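A.B. asks: The primary structure of each chain is shown beneath.
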Amino acid sequence: MEKLVTLVPLFPLAGFLYIIFFGKGFSKGFIGTLASSTILLSFIVSVLVFTTQMHGAHPAVVKVFDWITAGSFKVDFSFLVDPLSSIYLLFITGVGFLIHVYSTGYMHDDEGFSRFMAYLNLFVFFMLILVLGDSYVTMFVGWEGVGVCSFMLIGFWYKDMKNNDAAKKAFIVNRIGDLGLIIGMCLLFAYTGTLKFDDLFISGSDISGIPGGVATAIGISLFIGAMGKSAQIPLHTWLPDAMAGPTPVSALIHAATMVTAGIYMVARSSELYAFNEVASQVIVWAGILTSILGATIALTQNDIKKVLAYSTVSQLGLMFVALGMGAYSTAVFHVITHAFFKALLFLGSGSVIHGMGGEQDIRRMGGLKKHMPVTHLTFLIGTIAIAGVFPFAGFFSKDQIVAVAFEENKIVFILSLIVSACTAFYMFRLYFLTFHGKFRGTHEQEHHLHESPKSMTIPLVILAALSVVGGFIGLPHAVGEEMGMHWHWLDHFLQDAVVMPSMHMTMGTELLLMVIATVVALSSIAYAWSIYKKRGVLADEDKDMKSSAQKLLYNKYWIDEIYDTIIRKPVDRISDFFGKFMEPKLIDGLVEGTGSLTKATGGIFRMLQSGSLSLYIFVFIIGLIAILLSL
Amino acid sequence: MLTLLLIAIPLFMAGAIFVMGSKSARQLALITGVVELLVTFAAIWVEKSGNNPELLTFNKQWIGPLGISYAFSLDGISLVMVLLTTLLLPVIIYSSFNKTFRNPHVFYGLMLLMIASMIGAFTTSDGLMFYIFYEFALIPIYFMILIWSHAEGRARITLKFFLYTLFGSLFMLVSLLYVYQHSHSFALEDLYAAGQALSAYEQGWVFAGFFIAFAVKIPVFPFHTWQPATYNAAPTAGAMLLAGIMLKMASYGLIRLVLPMLPEGVAEYGTWALVLASVSVLYASGMAIVQKKFKLLIAYSSIAHLGVLTAGILSGNAQGIQGGVMEMLSHGIITVGLFVVYDIIESRMSHDEMHRMGGIREVNPQFAFLFFVIVMGSVALPMTSGFVGEFLLLLGLNQYSTALTIVAGLTVVLGAVYMLRSFQAMMLGTSNAHTQHFAPLNQQEKTLLYIIVAMIVILGVYPDPILSLSNPSVETLLQGIH
Chain A
69 MEKLVTLVPL
79 FPLAGFLYII
89 FFGKGFSKGF
99 IGTLASSTIL
109 LSFIVSVLVF
119 TTQMHGAHPA
129 VVKVFDWITA
139 GSFKVDFSFL
149 VDPLSSIYLL
159 FITGVGFLIH
169 VYSTGYMHDD
179 EGFSRFMAYL
189 NLFVFFMLIL
199 VLGDSYVTMF
209 VGWEGVGVCS
219 FMLIGFWYKD
229 MKNNDAAKKA
239 FIVNRIGDLG
249 LIIGMCLLFA
259 YTGTLKFDDL
269 FISGSDISGI
279 PGGVATAIGI
289 SLFIGAMGKS
299 AQIPLHTWLP
309 DAMAGPTPVS
319 ALIHAATMVT
329 AGIYMVARSS
339 ELYAFNEVAS
349 QVIVWAGILT
359 SILGATIALT
369 QNDIKKVLAY
379 STVSQLGLMF
389 VALGMGAYST
399 AVFHVITHAF
409 FKALLFLGSG
419 SVIHGMGGEQ
429 DIRRMGGLKK
439 HMPVTHLTFL
449 IGTIAIAGVF
459 PFAGFFSKDQ
469 IVAVAFEENK
479 IVFILSLIVS
489 ACTAFYMFRL
499 YFLTFHGKFR
509 GTHEQEHHLH
519 ESPKSMTIPL
529 VILAALSVVG
539 GFIGLPHAVG
549 EEMGMHWHWL
559 DHFLQDAVVM
569 PSMHMTMGTE
579 LLLMVIATVV
589 ALSSIAYAWS
599 IYKKRGVLAD
609 EDKDMKSSAQ
619 KLLYNKYWID
629 EIYDTIIRKP
639 VDRISDFFGK
649 FMEPKLIDGL
659 VEGTGSLTKA
669 TGGIFRMLQS
679 GSLSLYIFVF
689 IIGLIAILLS
699 L
Chain B
1492 MLTLLLIAIP
1502 LFMAGAIFVM
1512 GSKSARQLAL
1522 ITGVVELLVT
1532 FAAIWVEKSG
1542 NNPELLTFNK
1552 QWIGPLGISY
1562 AFSLDGISLV
1572 MVLLTTLLLP
1582 VIIYSSFNKT
1592 FRNPHVFYGL
1602 MLLMIASMIG
1612 AFTTSDGLMF
1622 YIFYEFALIP
1632 IYFMILIWSH
1642 AEGRARITLK
1652 FFLYTLFGSL
1662 FMLVSLLYVY
1672 QHSHSFALED
1682 LYAAGQALSA
1692 YEQGWVFAGF
1702 FIAFAVKIPV
1712 FPFHTWQPAT
1722 YNAAPTAGAM
1732 LLAGIMLKMA
1742 SYGLIRLVLP
1752 MLPEGVAEYG
1762 TWALVLASVS
1772 VLYASGMAIV
1782 QKKFKLLIAY
1792 SSIAHLGVLT
1802 AGILSGNAQG
1812 IQGGVMEMLS
1822 HGIITVGLFV
1832 VYDIIESRMS
1842 HDEMHRMGGI
1852 REVNPQFAFL
1862 FFVIVMGSVA
1872 LPMTSGFVGE
1882 FLLLLGLNQY
1892 STALTIVAGL
1902 TVVLGAVYML
1912 RSFQAMMLGT
1922 SNAHTQHFAP
1932 LNQQEKTLLY
1942 IIVAMIVILG
1952 VYPDPILSLS
1962 NPSVETLLQG
1972 IH
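Listed in order, the protein sequences are those of chains A and B.
For the first sequence, this note's numbering gives the first residue as 69, with consecutive numbering after it.
For the second sequence, this note's numbering gives the first residue as 1492, with consecutive numbering after it.
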């Protein structure tokens, strides 16, 4: 049964190759159907694989071929099938399929349609390799592969240099993280002699011999990789720029799947982090600071996709908070619910942008509710879900994170409540400004407003349904017991794959925290409602922004500008110094100087310059004679 | 026998082409290249099957009393190096097919002469023979650049290249002779034993001599300044031979001569060399970032990658050496690929200034796609050959020093910076007056690019045939040390 898993990445790979090499001349309908059905097939196989895992099959390693051998270092190209990878397979192919279908509608009029579908297929292939790889190295194949796909898709409209710059930035910032990951792998190998998850974690003994300081270094190095991929401070700056790509890309890669790779990796390494206090604390604080940063910036953004992008940054931060506090399955839980509602929100925003003829500024929208009923309703569901209102998906997963924070660290707990408050506020601000009030765009735009085609709205409806019920896979004790349902199903499912925290929360505390979270979310929503709905306040135009706090947030704390000053400019300046002075004057000057010295002393250089080769051969032969003489 | 054949065929054909004149010289050269490749496959097959190992060795005394002999032996490491040579040879010859040279028979004759010499260096098991082959290869390439270059100041540039490397090699000669005084034989086995018997301190000095010679040729900062100018002046085929194959003799020398002969010298007194190699990565990457011309960018990016290679090999463990072997193969292919790209651009634009281009992808998406795969190989993306080598090198280097690994590892970031910058500048955006008539690829260019891209991807996805070929030899070599 497990052997079948090889098919899961194979389908999208075949789709990609077919479209790239033989796709010319086929209709868009055919290409779209082909690309989507490869993912559907993968999804079906994933369901089978997942089912066997659910019924308690043992984790299995499926070897595909021999890959790298170097002395004692041996890595096969193999897949690891266990609960963690199988549940990832399920939502990658599931959400991936919906987004493929959506793309057939969204990208229909684009001249690069088949190229786009091919890239999406390739992305899904690498994402599947990432979660299936049975070692850090195989995982790294997927890790870098999705990075390149992200690069190609952010810069999909390559004629505009702005998109290319965003793509390049994403790739390079990610590579900084990747260097961390590589160093982590190097250290891990140096101390354990293996990079296979199997040897390291499942058999379990190999990591216990690592000295504490080294373990911390490994934990932090690997986490630097996660920071890059999952956009955590200080490597978060690429993600908002990545919105330059087509919206389905933002939904699939930059919200639902790729950016959660960092969470996957840390969860996969849970045994490494579980007893690693320092590294775990680093993760908690990077996570919560990123979360606050993203949530506060999102309060002031006016580009519909930028709001969602910073929201993603913020939600990813929360997932890391959970990881750092040892609640690995909780982080995975939030990854899954987030995939549902954030994909939904992005696709919804895509539908809005589609209807608005490419407009992304919410200051030019308003009143779309009556023109786009399906988009409106599903977007509202996504907004409620992310805001954390009972019983929508986001409520349960976020509540679990808040609960863990309450147990572990009260400061982080308070901060996470602030994030929740901000989240509910900016999402409803976005919702009211987009769908309520009067239309603020041009007449032409208003004339063309329309609901999106079925291929786009059906995925929205399915994702909306998932955003409602998705939370039930992790019902808390208090609720599950009450409703007679299986509680903490996900924790039980994942208990063999990741380390489980030992939490002993009373039912009362659990309920109290849920009440607090609900009150925070609802009052935040009410506040947003009173401003943007009741009083009809509009977002400020750029020139009207007065308060310095508003400017600070609107300009994203000027972090990009700071990086430019402290990193990019110095690198360019040093390189320039190398190129203009060091290389020609200093180093080559020395070389030439040595040559001239010879010239001055013996005039040999001049003779050589005349191009007489006989001399070189002479020198060569002298060398040989020297050998013979020395014998 | 096969070994001798590998050297004799190009040598004989070089003579034949010289004699027969310019007519069909290039076809003959190409056929020679293909035959060489087939012989290489045969040799690999013999090695893998394990039968008739005598086919892979040849030993005949030359100057008996002095312990010099024509000794050749093909182990896994040598086979990969020969494969590098014979894989690239037909590609390089074919890449020059659409060009008109003066006296093509001399050009191709010299090329084959050089090939024979390099294969000699990669296969000999005699220290002095290595030195002779290593030096001799310099002569044909010197003429190839001098005669067929169009660059200004080529006489001066080629002279500097020639003198510099020749000068560097003298240090190797001194070191070699020093060890010979103890071994009284140039057979590598004897040199290993004599070298290892030296004190670590002595080994350190002998190593210094070897390293300076190899560092000039690899090249490693700060001995590299001959290289960009030489690449720039050389006809593209010459630059391919240099960067793709010839300079690998030096890194191969580190594996074949230095590590087994002077293990303690490298381990205890070789830190400075590893530091230089790591600095080389940073420095050359910085230089690559500021280049305006694509060919110079290739030159500096090459130095950066070879810095990782040198440091990794000198770490002296199985991962470093295996990574080194793989990276030499991969770097050869990718660099030749980049030069093919350069040729295609230069033939259409008559310059290679990157900022004057742009939008080529819009006009010629196929070319942009193939170029992109090569760029990905250069930035060592997994599933390309570049990754396997570079990852193993870093894995090896880290066992020596984590600090140096971080420095050398910056190639992961900086490589992406300069490669993506240049790809973007040339290929992306909208086309301008210079690029809007960028002609489609012709059949020859397509073939070349597809072959190179296929090699990059196949070796990246399935490097096992190469790695399992060299792995036993690497382990034998390391056993000889401990």
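These are computed hints drawn from the structure, not numbers from a lab.
Here the structure is a predicted model, which is why all the values come from computation and not from measurement.
We put the CB at the ideal spot given by N, CA and C, even for glycine.
Heads up, a few of these hints could be off.
What the hints assert, rightly or not - Just some of the chain B residues that point at chain A, by a computed CB distance under 7 Å: (1) A1499; (2) L1502; (3) G1506; (4) E1759; (5) L1767; (6) L1958; (7) L1960.
Claimed, not checked - Stretch-level coverage of chain A by chain B, calculated; a stretch enters the list once three of its residues show a Cβ under 8 Å from a Cβ in chain B: (8) 200-210; (9) 366-374; (10) 440-454; (11) 457-466; (12) 633-646.
A.B. asks: Now tell me if each hint is right for this structure.
C.D. replies: Hints and how they fare:
1. A1499: violated, 22 Å
2. L1502: This hint is violated: L1502/B lies away from chain A, its Cβ roughly 18 Å from the closest one there, beyond 7 Å.
3. G1506: At about 19 Å, which exceeds the 7 Å cut-off, the nearest Cβ of chain A leaves the hint on G1506/B violated.
4. E1759: violated, 20 Å
5. L1767: Since the shortest Cβ distance to chain A is 12 Å, the answer is violated.
6. L1958: holds, 5 Å
7. L1960: Violated: closest Cβ of chain A sits about 10 Å from L1960/B, beyond 7 Å.
8. 200-210: holds (count 3)
9. 366-374: violated (count 0)
10. 440-454: Violated - the segment 440-454 of chain A has 0 residues with a Cβ nearer than 8 Å to chain B, which falls short of three.
11. 457-466: violated (count 0)
12. 633-646: Coverage by chain B holds for the segment 633-646 of chain A (6 residues, Cβ < 8 Å).
Violated hints for the displayed structure, listed by number in ascending order: 1, 2, 3, 4, 5, 7, 9, 10 and 11.
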